[in-house]
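A.B. asks: According to this note's numbering, the sequence shown is numbered sequentially starting from 1.
Worth flagging that the hints you see were computed from the coordinates, not collected in a lab.
Distance condition first, Cα-Cα at most 30 Å in a straight line; then the derived BS3-like pairs of lysine-lysine:
1) K207 to K13
2) K322 to K225
3) K98 to K295
4) K11 to K207
5) K345 to K225
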Amino acid sequence: MWQTQDGSAEKGKKYVEGGRVAGRFEEGVEILNDDAFDTTLEFDVQLDEPENCLIDPRCAICVVMILDDDQFPSNDHKEVIEDHDEEALYEVGFSLLKSFMGFCFHHVPEIWWKTILVLLLANLGNLYYLATIFLRVYLVDTVLNTEDPSTSDRLWVRGDRDATAVALGLAWILPNFLLLGTDYFEMAVLEMGFNIRYHLRVNLFRKYLRYTPESRAKVPVQDLKISIMEDIPDLVSDGYLIIFELWAMLGKIVMVGIFMLRKHPRSAVPLFVYPILISIYLAVTYRRRLALMAKEGEGQSATIGTLMHVNNAQKLIGSYNKRSYVVRRFEESLRNQRKWVMDLKFFEFWNGQLIPWITLLAIGTYIGLSSRLVLGGSTSLGSFLATINVYKDLGDRFATILEGLECLSKAISPLAALTTQFNLPIDIPERSEAHKMREEFVLGLSTVPCPKIHDRSIIQILGPHDSGKGSILKKVGDLVTTTGGRVLISPHLMVLQVPHEPLFIENGGLLGNLSLAKHLESSDIGDPARGRRILRRLALDKAWIMELYDKEERVFIRKKTVVQDQPDSPFSACYGEDPEEEEEEEEESLPPWAQQLSSSEKWRFQLARAFVHDPHVLLVHRPADELDPQMQEKVLSCFRDFVDRRGLEINEELGSHLPADRRRPRTADRLRASGIFVWFCQLLWM
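Model the full assembly from the supplied sequences, consistent with the hints where possible.
C.D. replies: So this is what it looks like as structure tokens:
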């Protein structure tokens, strides 16, 4: 039987759940298509319940990737988005922002119903605000107005001003308990910022990992950091969550309008003046604001980029004594960033004066008319005093609205950057084309004559320097199509190319670096002793290495958890700091324990990691060139056993492993510049 399992794609949302008899997959799995943007989501098709056969655990699961051709945030501006020009996106900025709001409302989980509920709850606060305005008027004109005997009949407690004042105080206080409850409910249950930020960050990270080399060159790592840690929070706050604050302020202004129209209609003139001036102001300053924000962002990116480049080249800088030069370059970067930051601050300072001066003029004018309005009987004293307070509140509300609208316009800059990054090309279409060619090769549909490599072989490629030996390995291990030819290999095989340079996860620990989270994929750690046996086979069995391995293994077995509460990296679960490391000269990107390894040990550790992952085809660049004869023999014997026994140091007594004669054959492909080890190969390419 086969069945589907959710991954990043969920059944019922992106595909229809399936389960059929094995061997009858003609109907396939139905994909649910829509017009909403998604990154490349995945689900699994798994074989289970075998009859008259055995299922290799390594080949029991097929990952299905769903390619999405929709644009982020919508297809409405597809032509502009496909140009990958941020400046062009500014031209359709507010329309693009509207599409982003629609994307969040319809496509981010749980957002639609939370949005509606928050908008409804905001009206409670607006109603209370209107009630407080009338309570103030009632307090002055009725409760405290002892000169007019008729006010006694309008008291809540007839004839008792003290009891009415107490009731008025309770009416002012008690509704706040309800508002407090709704605020807590919004905070605890209706919080939306995390959901939207999480959705955007995960999808951008997933997209980034699928970028083509050209796309990755357009998004340096400092820009990705700024996008994930700053642009996305700013966009969520200023581009979506701000609408709730604007809605609340607009509601309060409506309540103010109701009061003014009831008490003194002519005093409502500022209600029309504010929106007109704000509209003119936003239209005039829109482009200037976006240009300044773009320059400020470029300055920040340049400063972070300088720091990252220096960190990566720290040893080189120290070796050639270029520290002073680098400091001067960093100072220049800071001065450039300061210039754009100050330009933006000056711009915001003068723009911040608009609403306060409108409010100041409105209150001053109304006070100037006080004698004519109150003494002439046009309005009561209580209404007049309440109107002055309302004017002040009105200025604060319109200031908040202007700030919110400015935030909306500011959100266009990070939205344009994220739109560009979300819609850059990915490598999956090219990989899919190569996969189809390899599928035809396996099914015997390909008729192109070509030399073949049989499995259960150790292949060595010889040739002088710069003759393309490494390129051949890359063609075998990389599915991206190239113009220089292709290597056809079964897509069912796991192909692993071992990097020639030593690579380590800085906070991953020894066990995490050896397994690269392989032991974290399930709660069952499988064969924990296998990694130890492989390390011994490659002479990586120094006492401190074995002690560190055993310590981390015990910690993992005790916790059996996938991640810590706040892991430092995806591979750092269950690993603590090494006790009291001696201070040494730091090497870039190397954890403390890896700095104690020699160059030969670092390389052999890369081989140990590859053997632990047990690929079907192992590609290695010059695996033994820099080793002494005794160590060469140990390394090459590991390759021989890996091929002959179809895996290295596999414990067949464990139920998760098939017997050697039932496992898929293994193949090793390696290259050299000379022919010292030709005797070891079953097939030789010249």
